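Visitor: Here is how the chains run, residue by residue.
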Amino acid sequence: MTALLEVKNLTTHFFTKLGVVRAVNDVSFSLARGEILGLVGESGSGKSVTGFSILGLVDPPGRIVSGSVQLAGQELVGLGDNKLREIRGRRIAMIFQDPMMTLNPVLSIGTQMRLAMRAHKSVSKRAARARSAELLTRVGISDAANRLDTYPHQYSGGMRQRVAIAIALLHQPSIIIADEPTTALDVSVQAQILAEMKSIVAELGTSMIWITHDLAVVAALSMRIAVMYAGSIVEVGATSDVLTSPRHPYTLGLLNSLPSRAPPGTELKPIPGSAPSALNVSKGCPFQPRCSMATSICTTVPPLLGDTQHPVRCHNPLLFAASDSV
Amino acid sequence: MRAAAISDFWSDFHENYVAVVAAIVVVVIILAACFAPWITPQNPYDIANLNLADARQPPGFVGSQGYVHILGTDSQGRDLYSAILFGLRISLEMGVISGAVALAIGTTLGIVAAYVGGRLENVIMRAIDLQLSFPAILLALILAAILGPGKTQLIVALVAAQYAYYARTAFGTAAVERQKEYIEAAAATPLSAGRIVLRHLLPNSMPPLIVVATVQIAAAISLEATLSFLGVGLPVTQPSLGSLIANGFEYMLSGRTWMAIYPGIALIILITAINLVGDQLRDQLNPRLRR
Amino acid sequence: MVQYIVQRAIQAILVVAVISALVFVGVYAVGNPIDVLISPDATQQMREQTIANYGLDQPLYIQYLVFVRNMLGGNLGRSLVFGVPVLPLILSRLPATLELTLAAMLIATVVGVPLGIYAGTRPNALGSRVIMAISVLGFSVPTFWIGIILILTFAVNLGWLPAGGRGETVSVFGVQWSFLTIDGLKHLFLPTLNLAFFKLALMIRLARAGTRETMLTDVIKFARAAGLTEQTILRRHVLKLISVPIVTVFGLEFGSTLAYAIVTETIFSWPGVGKLILDSITSLDRPVMVAYLILIAILFIAINFSVDIIYLFLDPRLRRRGIS
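These protein sequence lines are chains W, C and E, in that order. For the first sequence, the residue numbers in our numbering are 2 to 327. For the second sequence, the residue numbers in our numbering are 15 to 305. For the third sequence, the residue numbers in our numbering are 502 to 825.
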């Protein structure tokens, strides 16, 4: 089955006064129809910028420097603004992290949904209301028809995010990019939204890229995981494979640092050191300073992502199933 | 401010050519105003110097005193070039002095209100708000008229019209600062309130106050010129740029435009230059818009 | 919400009362009102006669109470200079000033806001830089000088427009308005432009700053991600978001514009309240000053009040508690 979305060697840099911020370096992955891909990484790893790059939403002083993003064979990088706009919201939709910041506080929910609808289709006010109510009900908002004239500040965070999801679903996109949509929500609400999104996406056959720093979330939701570090993908594979047999030392470190994995009463094991600044790029592997498996080649030669079923960007990948911490 | 911060500030500042040119212009004008008595052929305030036969002559006219009036003369026989330089002097004097006094009064009120809080804050800030909603020009006009002509009276009027802006700005930043934890922490120590205000609240309020000060000084100069133009403020024997323009206005319709135009140009250059510097300062000192 | 409106109305009345007292005291307590009325070489007897006539021998608070009683009856005293009742005097000249002020504020907003939004979306374009340069000038050049230049250029040199005075008027609801005639518009144009310049610069800068800030928010990013055109984003999202500060400034600046009309009316010989008040200030015609200030205060409060009501429509977050 050909991939629905094919990202190859995507590189996005920010050209600031202080220097070039290499946010995304040579990122490649693919997304099949109906697949949920979890894009995992800590803050600053470039995962959000990757999501924005796919839709061409990178604000100056940033821009896509090289690489390709193909949606069902159509190249998106370098596509003119008008054409990109046809894709945004219609074939690829995006949900952001904090719905309080993304929904306009001075426009009613109905108005915002209608504007999103009219971006791609001319609809009468009545038709817009009907469709909006239908979708709001679908995402779990009760009494939808009466809610259309209300405003975002009248809702809780979870409800607002549902509205954002409803907006994303308006044109039945083939792909939804979700940028940490549950990070700003309470844990219980988080679980609800995750479950609902999973069912909606399965029902509609939509593909999804779920960007998060939370391994627990991807474990529950995604079919494949791509781990990002310092702007590059360091490991890709099926969720079960990556979580039970991680091949990159960073992934292993992430798993081991999860509080849920530590037996009660023992010390937590964070990964020593901190993520590198995207301004100063080291010669070798960016993870080398914090890596317990590093050898001399790691300081001089950047490793490449392999081409296997479970590729990993490492000179010394782990080859055994990790049951103990390293 | 530390040396590194100052040099950073300077390197950012001189990226904007317009602001640098403006700053140079301001400095030149200030110097010209300071040395006015030495670089002008005439003291326009000394009535003995004036000869009515020289009046209303166009630029280039050679007067009874024997020198060329490069910008012409006004209706009293004053050499316009001299009158303009002395007028700039008055404008700067009025603007800077009233600005400084308004800054002192306003900042004190604002910071005290912010630090003490409670009812005092309410009373002070409501009064300030009330005053801010009253047009400055009207207040200055009435005060100047009631107090009578004279430099001090005019300064009082200008200060009364301005201090509220400083108070509001100082209050705003101090109110934000006082909520920050380090102030609470400082309050728990034996440091006196005065010290906390002087060493912490005040320095952090400085950047926005500097921006307001620049804009306000320009506004004060404009206000003083307007008052003089309307015939209120300074005595007729000490014409500021505004009164020169007012005098010239009468003759404008008959073609003797130089009497109003040249003082006007001088005034505008001064005010615009100060505003441009203020703009650049504001862009630089406002962290939100830095990209 | 009704409660909120009533509350504000009561506050407004109280403020008017307080201001009338302050104004009265301020104007009458400073200096000597007699000096305007009597020539220096009047006899002592004539002085005392005049003082008694005008009630100026009474203690200040009695004078104030008399004043309030008269005010409530619609009588605001007589002009010391003109000798005619103050209220009709002011009211007869008010329409001219209101016409000028409203026209100026409208032009400043209707022209300034779109220019500012444009400059905010494309800060580095040539057009934007030109707009910003003009706004700095509008900000820096004193109103009176702009008036002089306008007259010089359009009236003296080009001869297109008249140099002063008000044009033909048409009576609507018993009030004379000049914007309804061509001749009236010709006379209205330059003074309006003059008065509007400063506010125009202000509106441009305000709209530009607001637009720049808003364009960086996630609301706009989300709207873009949904595929909205930049036009729609500007018209429906950005405009609504910056409308609150713009309306605020509009309200605040209305009063200041009214005051600056003094300058414009002087230059263009516009027969409005501004010229009247200037003359009364310089000649210390106190009844006129007091009446003018109180009327201005009432006008301000009415404007603030309307602005508060408009807020409720613009920002739905304020409707919940009805408190700003």
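These aren't lab readings, by the way, just hints derived from the structure by calculation. Quantities reported herein were computed from a predicted structural model and do not represent experimental measurements. Some hints could be false.
[To be verified] Quick list of in silico lysine-lysine cross-link-like pairs, DSS-like style, CA-CA up to 30 Å:
no.: 1; chain 1: W; residue 1: Lys270; chain 2: W; residue 2: Lys18
no.: 2; chain 1: W; residue 1: Lys18; chain 2: E; residue 2: Lys687
no.: 3; chain 1: E; residue 1: Lys687; chain 2: W; residue 2: Lys9
no.: 4; chain 1: E; residue 1: Lys687; chain 2: W; residue 2: Lys126
no.: 5; chain 1: W; residue 1: Lys84; chain 2: W; residue 2: Lys126
no.: 6; chain 1: W; residue 1: Lys270; chain 2: W; residue 2: Lys284
no.: 7; chain 1: W; residue 1: Lys122; chain 2: W; residue 2: Lys18
no.: 8; chain 1: W; residue 1: Lys199; chain 2: E; residue 2: Lys741
no.: 9; chain 1: E; residue 1: Lys687; chain 2: W; residue 2: Lys199
no.: 10; chain 1: E; residue 1: Lys722; chain 2: W; residue 2: Lys18
no.: 11; chain 1: W; residue 1: Lys9; chain 2: W; residue 2: Lys126
no.: 12; chain 1: E; residue 1: Lys687; chain 2: W; residue 2: Lys122
no.: 13; chain 1: W; residue 1: Lys84; chain 2: E; residue 2: Lys687
no.: 14; chain 1: W; residue 1: Lys122; chain 2: W; residue 2: Lys84
no.: 15; chain 1: W; residue 1: Lys199; chain 2: W; residue 2: Lys9
no.: 16; chain 1: W; residue 1: Lys270; chain 2: W; residue 2: Lys9
no.: 17; chain 1: E; residue 1: Lys722; chain 2: E; residue 2: Lys741
no.: 18; chain 1: W; residue 1: Lys9; chain 2: E; residue 2: Lys741
[Unchecked claim] Partner residues are not named here, just some residues of chain W that face chain E (Cβ under 10 Å, in silico):
no.: 19; residue: Asp60
no.: 20; residue: Ile96
no.: 21; residue: Thr138
no.: 22; residue: Ile142
no.: 23; residue: Ala145
no.: 24; residue: Leu149
no.: 25; residue: Leu244
no.: 26; residue: Ser246
[Claimed, not checked] One-sided and incomplete, this derived list gives chain E residues near chain C with beta-carbon spacing under 7 Å:
no.: 27; residue: Val642
no.: 28; residue: Val671
no.: 29; residue: Ser672
no.: 30; residue: Gly675
no.: 31; residue: Val676
no.: 32; residue: Val750
no.: 33; residue: Gly752
no.: 34; residue: Gly756
no.: 35; residue: Ser757
no.: 36; residue: Thr783
no.: 37; residue: Phe806
no.: 38; residue: Tyr812
Note that CB positions come from ideal geometry on N, CA and C, so glycine has one too.
Visitor: Could you run down the list of hints and mark each one as holding or not?
Guide: We went through each hint and held it up to the structure:
{"no.": "1", "hint": "W:Lys270 with W:Lys18", "result": "violated, 37 Å"}
{"no.": "2", "hint": "W:Lys18 with E:Lys687", "result": "violated, 52 Å"}
{"no.": "3", "hint": "E:Lys687 with W:Lys9", "result": "violated, 66 Å"}
{"no.": "4", "hint": "E:Lys687 with W:Lys126", "result": "violated, 44 Å"}
{"no.": "5", "hint": "W:Lys84 with W:Lys126", "result": "holds, 26 Å"}
{"no.": "6", "hint": "W:Lys270 with W:Lys284", "result": "holds, 28 Å"}
{"no.": "7", "hint": "W:Lys122 with W:Lys18", "result": "violated, 41 Å"}
{"no.": "8", "hint": "W:Lys199 with E:Lys741", "result": "violated, 35 Å"}
{"no.": "9", "hint": "E:Lys687 with W:Lys199", "result": "violated, 68 Å"}
{"no.": "10", "hint": "E:Lys722 with W:Lys18", "result": "holds, 23 Å"}
{"no.": "11", "hint": "W:Lys9 with W:Lys126", "result": "violated, 41 Å"}
{"no.": "12", "hint": "E:Lys687 with W:Lys122", "result": "violated, 47 Å"}
{"no.": "13", "hint": "W:Lys84 with E:Lys687", "result": "violated, 49 Å"}
{"no.": "14", "hint": "W:Lys122 with W:Lys84", "result": "holds, 15 Å"}
{"no.": "15", "hint": "W:Lys199 with W:Lys9", "result": "holds, 27 Å"}
{"no.": "16", "hint": "W:Lys270 with W:Lys9", "result": "violated, 34 Å"}
{"no.": "17", "hint": "E:Lys722 with E:Lys741", "result": "holds, 16 Å"}
{"no.": "18", "hint": "W:Lys9 with E:Lys741", "result": "violated, 40 Å"}
{"no.": "19", "hint": "Asp60", "result": "holds, 8 Å"}
{"no.": "20", "hint": "Ile96", "result": "holds, 9 Å"}
{"no.": "21", "hint": "Thr138", "result": "violated, 20 Å"}
{"no.": "22", "hint": "Ile142", "result": "violated, 18 Å"}
{"no.": "23", "hint": "Ala145", "result": "violated, 19 Å"}
{"no.": "24", "hint": "Leu149", "result": "violated, 13 Å"}
{"no.": "25", "hint": "Leu244", "result": "violated, 30 Å"}
{"no.": "26", "hint": "Ser246", "result": "violated, 36 Å"}
{"no.": "27", "hint": "Val642", "result": "holds, 5 Å"}
{"no.": "28", "hint": "Val671", "result": "violated, 29 Å"}
{"no.": "29", "hint": "Ser672", "result": "violated, 30 Å"}
{"no.": "30", "hint": "Gly675", "result": "violated, 29 Å"}
{"no.": "31", "hint": "Val676", "result": "violated, 24 Å"}
{"no.": "32", "hint": "Val750", "result": "violated, 12 Å"}
{"no.": "33", "hint": "Gly752", "result": "violated, 9 Å"}
{"no.": "34", "hint": "Gly756", "result": "holds, 6 Å"}
{"no.": "35", "hint": "Ser757", "result": "holds, 4 Å"}
{"no.": "36", "hint": "Thr783", "result": "holds, 6 Å"}
{"no.": "37", "hint": "Phe806", "result": "violated, 12 Å"}
{"no.": "38", "hint": "Tyr812", "result": "violated, 16 Å"}
The structure shown violates the earlier hints numbered 1, 2, 3, 4, 7, 8, 9, 11, 12, 13, 16, 18, 21, 22, 23, 24, 25, 26, 28, 29, 30, 31, 32, 33, 37, 38.
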